[in-house]
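> The listed protein sequences derive, respectively, from chains P and S.
Going by my numbering, the letters in the first sequence line up with residues 1 to 293, in that order.
Going by my numbering, the letters in the second sequence line up with residues 1 to 352, in that order.
Worth double-checking, as some hints may not be accurate.
To be verified - To give an idea of the chain S side of the interface with chain P (calculated C-beta under 8 Å), a few residues:
no., residue
1, F85
2, F91
3, Y102
4, R107
5, F154
6, R287
7, P288
8, Q291
9, M330
Said to hold, decoys possible - Over the 12 Å line for every Cβ pair with chain S, so calculated as not near, a few chain P residues:
no., residue
10, L118
11, L125
12, A146
13, R192
14, G198
15, T200
16, V208
17, Y281
Source of the hints: derived by calculation from the structure; they are not laboratory data.
We put the beta carbon where it would ideally sit given N, CA and C, even for glycine.
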Amino acid sequence: MTQLAVDHAVAGFQPAGWGAALFRRPALLYLPALLFLGAFFLIPLGLIAWMSFTEPTAGLGNYLAFFESGRSLRILLNTVLTAAIVTVCALALAYPVAYVAATKPGTYANILLLVVALSFWTNFLVRTYAWMVIFSNGGPAHSLLAFLGWSPPPRLLYTSFASTLAMVQMLAPLMVFMLYAVMRRIDQALLRAAGSLGATPARAFVTVFLPLSTPGVINGVTLVFITCMGFYVTPILIGSPRDMMISGLIAEQLEQLVDFGGASASSVILLVFTLALFSIYSSIFDIEKIWTR
Amino acid sequence: MNGPYLELAGASKSYDGGATQAMDIPSLTIAKGEFVSLLGPSGSGKTTTLMAIAGFLKIDKGKILLNGRSLETVPPHKRNIGVVFQNYALFPHLTVEENVFYPLRMRGETRSAAQSKIDRALDMVGLSGAAGRHPRQLSGGQQQRVALARTLVFNPDLILLDEPLGALDKNLREHMQVELRKIHRDLGVTMIYVTHDQTEAMTMSDRIAVFTNGRIDQIGTPDQIYHRPATRFVASFVGDSNILSGTAIGEDRLEVDGLGQMPLTNPSLTGGQTFDVLIRPEIIKLRPAGQGTTGHDAVIEDSINYGESHLVLLRVGDRSLRARMLSTDMKHLRPGDKCRAEWDPAYVHLIG
Ligand SMILES: Nc1ncnc2c1ncn2[C@@H]1O[C@H](COP(=O)(O)OP(=O)(O)OP(=O)(O)O)[C@@H](O)[C@H]1O
Ligand SMILES: [Mg+2]
Chain P
1 MTQLAVDHAV AGFQPAGWGA ALFRRPALLY LPALLFLGAF FLIPLGLIAW
51 MSFTEPTAGL GNYLAFFESG RSLRILLNTV LTAAIVTVCA LALAYPVAYV
101 AATKPGTYAN ILLLVVALSF WTNFLVRTYA WMVIFSNGGP AHSLLAFLGW
151 SPPPRLLYTS FASTLAMVQM LAPLMVFMLY AVMRRIDQAL LRAAGSLGAT
201 PARAFVTVFL PLSTPGVING VTLVFITCMG FYVTPILIGS PRDMMISGLI
251 AEQLEQLVDF GGASASSVIL LVFTLALFSI YSSIFDIEKI WTR
Chain S
1 MNGPYLELAG ASKSYDGGAT QAMDIPSLTI AKGEFVSLLG PSGSGKTTTL
51 MAIAGFLKID KGKILLNGRS LETVPPHKRN IGVVFQNYAL FPHLTVEENV
101 FYPLRMRGET RSAAQSKIDR ALDMVGLSGA AGRHPRQLSG GQQQRVALAR
151 TLVFNPDLIL LDEPLGALDK NLREHMQVEL RKIHRDLGVT MIYVTHDQTE
201 AMTMSDRIAV FTNGRIDQIG TPDQIYHRPA TRFVASFVGD SNILSGTAIG
251 EDRLEVDGLG QMPLTNPSLT GGQTFDVLIR PEIIKLRPAG QGTTGHDAVI
301 EDSINYGESH LVLLRVGDRS LRARMLSTDM KHLRPGDKCR AEWDPAYVHL
351 IG
């Protein structure tokens, strides 16, 4: 059958007008989302990029200022480092949780997942305030250290330690979900097969489960890292002012210095960094396709 | 046949606090080099039995012995039992070759030392050309062969196969059946083969164990299972059958429900004994009505054409009987025709 004949055959079922247009070009369904994103995301983003090159004078001034300032470079480095630490800690915490939830199905796993989900659904700001209470002078964490004989106990609130710990707590659930989604699809028969082929449970885990769960690890690490890079509220409210993260810098440039050009440049730098990471992620992700059947 | 190689004694397993008896085997012995099929309907305990032998499932009671040694405290990875799973369970992140290398790697062999074994195993299943591919790049039949090669490569003492051909189409299935038989013959390895396809069990096995509700109703050669079934269930599950109830009247005569009296060639019955009477459809012979007076008056209700043969649905008195006729013998018989049905009493089997 020629394409024309197919078209004619299909045409018999086509409704007229708008419906017909949609039927022939399903891509039209993207249109509303595209319009929305265009109006409220792409255009403002373009404006920010534009501003970073034009405010207050045209040129690369804002970028030169960023990369010439020791402080902003330190902040960028600190942002990346913090995000890396948070990601590694979240992974270490989340992997065993996801493993148990995915491989030992039953009420226990469901409760575990529910607890993780509940903590995830709780508003970020609420959780940040909760951490503020926990870390405050005379608060539970502080009193515990005093009780254990640390006197006087060190200040906890407004330290990088506190904000890093809080961010780990906030992002670990995300990591659990990413890992769980992949681990759930790992056929348990594979581990039994490994056993029958002579692998101890530990070796079966290392040679079969671990490699098959790496797509989840890659997903989780990327998502948590990127999310953490842009964190604002938590480091501002419970972190140390000396170890600012880049969102804090952007806010400072906007609110205190009213430096729209500088703030725009910082934002673009954060965005480019994130996009670079994302492209690395998608190139790794291609490899994963080989593993899935 | 030599002495017992694999032995199950009083092995049982139940679920839901004893409510589901998944497996209850007082005694099962399998000789070295045998090909034994576990045949039974869905949920009859075949997989449970296999998983208990492989060590993935702890039995509640009883013993499993391999080569005289109790397997109770031996973990799966030390049993040296190969398992071919229904969905193959190939490692998707490893190539065909790496999959086949896996059991050798777990036994501490280096890749270079193992290469000749890997090649031989892949050669045996005819997959030498696919060594570098990943499982998802293979067809179902090819994946099946890789699973087999991965099991054969480490010379297991026993190979367990759980419906290994279940997912293949009919032609490929028959082809693989022949190949499996050949591999079994060539290697002389003991194989236990789970299937719910009775034809497969009949054509492949040295012996068949028929499962129902977690128990083994009968274990025997395909001929014994087919011609001398021990229970009504085995008779009806294996092959096509007519099962009627009969009562002995004297040493060599039977009153068969709905058919009247019937002579028997295996006497020594006691009057009043009751039996299930098995008449296989293929022993029934049909003649057009009016030719001779032996046999039973019958009406052909329907006839289903299978090409080389016909399945004929008969009415004899108030009973329905199934008969299998060669197409060449069906020339003069049509649905609606009256005819006479007859069979050699020597082929009638009594159960009970
Ligand atoms: N984990 C389990 N929990 C509860 N009951 C189970 C479990 N595994 C199996 N059973 C029950 O044990 C019985 C035997 O199951 P088994 O898997 O051995 O059957 P099977 O003969 O392999 O059937 P199939 O041909 O469908 O694979 C079934 O009634 C099944 O429902
Ligand atoms: Mg089964």
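> Once the closest CB in chain S is found, is it more than 12 Å from P/L125?
Non-interface label on P/L125 holds, nearest chain S Cβ at 41 Å vs cutoff 12 Å.
> Does S/F85 pass the interface check with chain P, least Cβ-Cβ distance below 8 Å?
holds, 5 Å
> Beyond 12 Å from chain S, beta-carbon-wise, is P/T200?
About 6 Å separates P/T200 from the closest Cβ of chain S, which leaves it inside 12 Å; violated.
> Is it the case that P/L118 keeps its Cβ farther than 12 Å from each residue Cβ in chain S?
Nearest chain S Cβ is 31 Å from P/L118, so the label holds.
> Confirm or reject: P/V208 is not an interface residue toward chain S, with every Cβ-Cβ distance exceeding 12 Å.
P/V208 not clear of chain S: closest Cβ-Cβ about 6 Å, inside 12 Å.
> Are all beta-carbon distances from P/R192 to chain S longer than 12 Å?
violated, 5 Å
> Hey, does the S/P288 contact hint survive, CB to chain P under 8 Å?
Status violated, d = 53 Å.
> Is the Cβ of P/A146 farther than 12 Å from every Cβ of chain S?
holds, 49 Å
> Given a cut of 8 Å on the nearest C-beta pair, is the interface hint for S/Y102 held or broken against chain P?
With a closest approach of 5 Å, the S/Y102 hint holds.
> Would you check whether the claim that P/Y281 is not at the interface survives, using Cβ distances to chain S and the 12 Å cut-off?
holds, 19 Å
> Report holds if the minimum CB distance from P/G198 to chain S is greater than 12 Å, and violated otherwise.
violated, 4 Å
> Does the nearest C-beta of chain P fall within a distance shorter than 8 Å of the C-beta of S/F91?
holds, 6 Å
The structure shown violates the earlier hints numbered 6, 7, 8, 9, 13, 14, 15 and 16.
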